[in-house]
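So the sequences go chain by chain: Z and A.
Quick note: the first sequence uses numbering that gives the first Met the number 0, first residue 0, plus one each step.
Quick note: the second sequence uses numbering that gives the first Met the number 0, first residue 0, plus one each step.
Treat the hints loosely; a few may be bogus.
Listed next, the stretches of chain A that the computed footprint assigns to chain Z, with coverage defined by at least 3 CB atoms under 8 Å from CB atoms of chain Z [unchecked claim]: (1) 75-84; (2) 168-176; (3) 188-194.
Bear in mind the hints are in silico, worked out from the structure with no lab data behind them.
From the three backbone atoms N, C-alpha and C, an ideal C-beta is built for every residue, glycine too.
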Amino acid sequence: MNIEQFLSIFISAVFINNVILSRFLGLCSFIAISKQTRPALAMSLAVMFVITTSSIITWLIYRFLLIPYNLTYLRTISFILVIATFVQLVEIVVKKISPPIYRLFGIYLPLITVNCAVLGVAVLNIDMFFVDSRPLAGSFYYSVFQGICVGLGYSLAMLLMSGIRERLDFCDVPDVFKDFPLAFIIASIMGLSFLGFNGFRF
Amino acid sequence: MNRLLKEFLKGIIKENPTFVLILGLCPTLAVSTTVFNGLGMGLAATFVLVCSNMIISCLSRIIPDRIRIPCYIVVIATFVTITELIMKAYAPALYRALGIYVPLIVVNCVVLGRAEAYASKQTVLNSFYDGLGMGVGFCLALVLISGIREILGVGRLLGWTLIRGFEPVFMFALPSGALLVIGLLLGFFNLFKKKNK
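From just these sequences and the hints, can you work out the full model?
So, in structure tokens, the structure goes:
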């Protein structure tokens with residue numbers, strides 16, 4: 000475990016392999032909710048929270064439940080079930096404890112269950128930080144950190160996109176390209192500009 | 000019979016999951032670098048779609064309404080795991096190429112969307128045809144996108160060089176190329192719809 004590794008995870012997850020622009024995870028929510036900045040911010044915060052906590056939970060499940068009992072092929076089922084249950088639980092707790100926060104991102108929580116980014120990061124953590132079903136040194140910290148960074152990358156892309164789309168409301172675009180088609184083209188151009196970060200290798 | 004044919008055909012054009020419903024884009028874009036990968040993904044998703052549609056429509060009376068989504072997810076995840084294991088055993092090259100996008104079929108919105116919107120309310124036979132139609136529509140969309148990307152980005156189709164001396168546009172092999180292709184295609188589909196009205 001060293002600082003360099005953390006730094007390279009950060010750069011890679013936020014810029015080079017940005018979840019949305021280069022891995023296409025969570026694209027549906029990205030296109031659907033990025034029309035205005037406020038909902039986009041709320042959704043990003045919710046996603047960041049869920050990704051981070053679920054990478055903790057899924058790592059523990061994989062390490063202490065699936066590996067000892069030789070059940071690694073049940074990875075997909077167990078992860079998605081745990082994530083779905085966890086999201087539901089968070090929704091109930093937030094609703095009870097803090098209605099303002101619930102109003103802010105409560106409606107986006109159920110959507111996160113089927114957000115590919117959450118399951119994607121969980122699977123990615125396992126692929127990257129386990130070798131032959133054995134965890135690398137410090138793999139738990141790397142997994143959690145990668146969860147946070149992917150959340151940050153998601154928020155970055157989401158906020159940039161919503162800022163651009165808010166301005167586009169005042170532009171005169173061809174009728175057939177309104178909304179979705181244009182959003183994809185913008186995302187493509189953003190992806191190209193993110194390509195510039197590719198030089199940042201460690 | 001005619002009605003069943005209609006259930007089958009509607010997924011291909013009228014309610015095409017990719018171009019009309021705009022669902023399940025994550026895998027569509029990520030694996031569409033070559034036609035081989037695109038078709039593999041499409042077939043895997045079709046298998047999951049057909050099986051889960053049938054099972055969910057069988058069980059829809061037993062599943063309690065309040066916990067239906069987790070139940071659907073378990074059914075879908077089971078078939079995805081089956082696909083994953085089969086692919087790993089018989090098509091390891093494809094499995095490696097698709098990577099984490101195979102387990103991610105679980106969260107493909109097309110599958111869950113059809114389970115929720117269609118299979119839970121319809122008969123088993125209808126659901127089978129619906130799943131098959133949607134799957135074929137998804138495959139066709141994937142082949143279209145990956146075909147465009149493979150021709151422009153690599154200069155080849157299914158490994159065959161099409162035009163001699165054509166300099167490939169590297170951008171189309173990159174993720175941004177996928178986003179550009181689908182954005183333009185959606186625009187053209189809108190134009191087509193508007194003209195037909």
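**OP:** Between the segment 75-84 of chain A and chain Z, see if three or more residues pass the 8 Å beta-carbon test, and mark the coverage as holds or violated.
**Re:** holds (count 6)
**OP:** Examine the segment 168-176 of chain A for residues whose CB is less than 8 Å from any CB of chain Z, and state whether their number is three or more.
**Re:** Since 5 is at least three, the answer is holds.
Original post:
Checking C-beta pairs, does the segment 188-194 of chain A have three or more residues closer than 8 Å to chain Z?
Top reply: holds (count 3)
Consistency note: the structure conflicts with none of the earlier hints.
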